[in-house]
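Novice: These protein sequence lines are chains A and B, in that order. Per my numbering: the first sequence = residues 409 to 607. Per my numbering: the second sequence = residues 409 to 607.
Derived by calculation from the structure, the hints in this document are not laboratory data. Do not rely on the hints blindly, as some may be mistaken.
Identical chains share a label here; the pair holds if one copy fits it or two copies do between them.
[Unchecked claim] Subject to a maximum C-alpha distance of 25 Å in a straight line, what follows is the list of computed DSS-like cross-link-like pairs (lysine-lysine):
1. Lys597 to Lys504
2. Lys607 to Lys434
3. Lys457 to Lys438
4. Lys494 to Lys554
5. Lys434 to Lys597
6. Lys494 to Lys607
7. Lys597 to Lys457
8. Lys554 to Lys509
As the structure is a prediction and not an experimental result, all values here were calculated from the model.
2 protein chains.
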Amino acid sequence: MSKRIVTIGRQFGSGGRQIGQLVANKLGVKCYDRTLIDLTAKASGFDAKTLEKYDEKSNSKLLVPISIGHYANFSSVNFEYTLNDKIFFIQSDIIKKIAEKESAVIVGRCANYVLSQRSDVLRVYIYADIEERVKTVAERHYIDEKSAAQLITKTDRKRASYYKFYTGSAWGSPSDYDLMIDSALGYDKIADIIVAATK
Amino acid sequence: MSKRIVTIGRQFGSGGRQIGQLVANKLGVKCYDRTLIDLTAKASGFDAKTLEKYDEKSNSKLLVPISIGHYANFSSVNFEYTLNDKIFFIQSDIIKKIAEKESAVIVGRCANYVLSQRSDVLRVYIYADIEERVKTVAERHYIDEKSAAQLITKTDRKRASYYKFYTGSAWGSPSDYDLMIDSALGYDKIADIIVAATK
Chain A
409 MSKRIVTIGR QFGSGGRQIG QLVANKLGVK CYDRTLIDLT AKASGFDAKT
459 LEKYDEKSNS KLLVPISIGH YANFSSVNFE YTLNDKIFFI QSDIIKKIAE
509 KESAVIVGRC ANYVLSQRSD VLRVYIYADI EERVKTVAER HYIDEKSAAQ
559 LITKTDRKRA SYYKFYTGSA WGSPSDYDLM IDSALGYDKI ADIIVAATK
Chain B
409 MSKRIVTIGR QFGSGGRQIG QLVANKLGVK CYDRTLIDLT AKASGFDAKT
459 LEKYDEKSNS KLLVPISIGH YANFSSVNFE YTLNDKIFFI QSDIIKKIAE
509 KESAVIVGRC ANYVLSQRSD VLRVYIYADI EERVKTVAER HYIDEKSAAQ
559 LITKTDRKRA SYYKFYTGSA WGSPSDYDLM IDSALGYDKI ADIIVAATK
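Chain A on its own, in the form it takes in the complex (with noise of 0.2 Å):
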């Protein structure tokens, strides 16, 4: 059976969500990424703002599970972890029924972990060299080259926290991953040795 869902953990600013869009693009199907936030409103009823907020972020506070009784006088607490909770099992989910029913590629989510359980899964990991991601992150938010570092700083801490939270492993860790690339390589050319990989 050929592999013809491809997951894509990427560092912020690597150029992984357009990697995806590629590479969906190129297979003839489509590219879930912040759509999975739509959706996941549609299916819990949050709005999607609050989504966003919660959206690839654990509670770092509270990286190891807890009863609720142990917390039950910290109430805001509280709700952050079970709400953080709740959009991963259901974005969890969706992530799983698309998966069951077509070919697609799925962008950040966890979602090589989440859908451990398939053999027709292609996990790939985009990474870049720090100066590349501040250039590209510059440019696309407008911000000077030093915003630029700390959002990446801080977006990527969010990320790995968020990821070692939910599957237990390190973020970028070959072993969850068949396929690390440089996005240096060159998106396109890129786009292309992931079909290929997918064959």
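Place chain B on chain A using the hints.
Specialist: Just chain B now, with coordinates in the frame of chain A:
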């Protein structure tokens, strides 16, 4: 300029050497692996047996570069350090000369680092699940799986220490490679992917 030097770092038992040979065949170029030992023997006057003993090893007790004078009273330790070093520099010189004169695949020996000043190098790292590597090494060396696991741990530790000592980087760190591939994708498919990435 199309990339035509391919360096392959590889976990022990991952099949990196075999994949390197396949890539060389597909590109119609030479694959330098253990052959580098013979070339180093010729260039250095050391015999190949001695070189094999020191191949891809650093003196793990001396991870911080030291002046010869400092360890003058420990001549055997000092000898090991300088011999490892000598071999590394001679081998690096050979690798640089190969890259200067011909397209080639070079397996191991920190070639990605040695050739880091060149723009025509594709730096690949091959890894695999420990379970797969144990099976491969047990079959290859006619040993049981327990011994294979021990050999893998020992060899990987030596390679990591050698890499760290001479490059200053952690072995297998994404920033040192353009492409990192789990060999479970299939040797031949991986060789095709690497060839595509050189274009």
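Novice: All hints, please: hold or fail.
Specialist: Verification of the supplied hints:
1. Lys597 to Lys504: neither (29 Å within a copy, 27 Å between copies)
2. Lys607 to Lys434: Classified as both; 13 Å inside a copy, 19 Å across copies.
3. Lys457 to Lys438: Within one copy only: 23 Å inside, 57 Å across.
4. Lys494 to Lys554: The answer is neither: 35 Å in one copy and 43 Å across copies each exceed 25 Å.
5. Lys434 to Lys597: both (12 Å within a copy, 19 Å between copies)
6. Lys494 to Lys607: Answer is neither; intra-copy 35 Å and inter-copy 46 Å both fail.
7. Lys597 to Lys457: neither (35 Å within a copy, 43 Å between copies)
8. Lys554 to Lys509: neither (44 Å within a copy, 42 Å between copies)
Consistency with the previously given hints fails for numbers 1, 4, 6, 7 and 8, ordered from lowest to highest.
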